[in-house]
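Asker: Numbered by UniProt numbering, the letters in the sequence shown go through residues 1 to 101 in order.
Worth flagging that the hints you see were computed from the coordinates, not collected in a lab. Warning: the hint list may mix true and false statements.
The list that follows gives simulated cross-link-like pairs (lysine to any residue, SDA-like), each with its CA atoms no further than 25 angstroms apart [claimed, not checked]:
1) K72 with G14
2) K72 with I12
3) K73 with S52
4) K42 with A98
5) K59 with M71
6) K59 with T49
7) K61 with A20
8) K73 with H45
9) K61 with I12
10) K67 with T41
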Amino acid sequence: MNVLDLGFFNAIQGLQYQQAPNSIDALIEAVQKSFDEYLPTKLNHTFLTLQSCMISILKAKGSNKYKVLHMKKHRLERQNCLPRQLDVDSALIGEAIAQCQ
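Whole structure, please, built from the sequences with the hints as guidance.
Answerer: Next comes the structure, spelled out in structure tokens:
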């Protein structure tokens with residue numbers, strides 16, 4: 001899973017498209033500006049979503065038939081309870097490693 005392509009770069013590209021650059025220099029400037037404006041909290045949301053997906057994939061034993069669980073990140077953030085990372089059950093990791101061997 002590539003969180004940068006799916007979340008971060010996609011978001012920066014969306015911001016950059018709003019500026020409609022018409023030269024390479026303008027494009028570089030637009031990308032830099034978009035990067036500077038991207039909020040760290042949004043990036044944390046992206047990485048938490050990635051971690052949630054990876055945990056769901058582990059539970060589905062590598063299958064792509066999983067559901068992304070809603071964490072209610074905005075609510076947790078308002079309550080100042082939003083984690084920076086998710087915990088993964090060590091037994092789940094052990095099962096995934098055993099499945100690969």
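Asker: With reference to the structure, classify each hint as holding or not holding.
Answerer: Hint check:
no.	hint	in the structure
1	K72 with G14	23 angstroms, holds
2	K72 with I12	23 angstroms, holds
3	K73 with S52	12 angstroms, holds
4	K42 with A98	35 angstroms, violated
5	K59 with M71	17 angstroms, holds
6	K59 with T49	15 angstroms, holds
7	K61 with A20	43 angstroms, violated
8	K73 with H45	7 angstroms, holds
9	K61 with I12	32 angstroms, violated
10	K67 with T41	23 angstroms, holds
Consistency with the previously given hints fails for numbers 4, 7, 9, ordered from lowest to highest.
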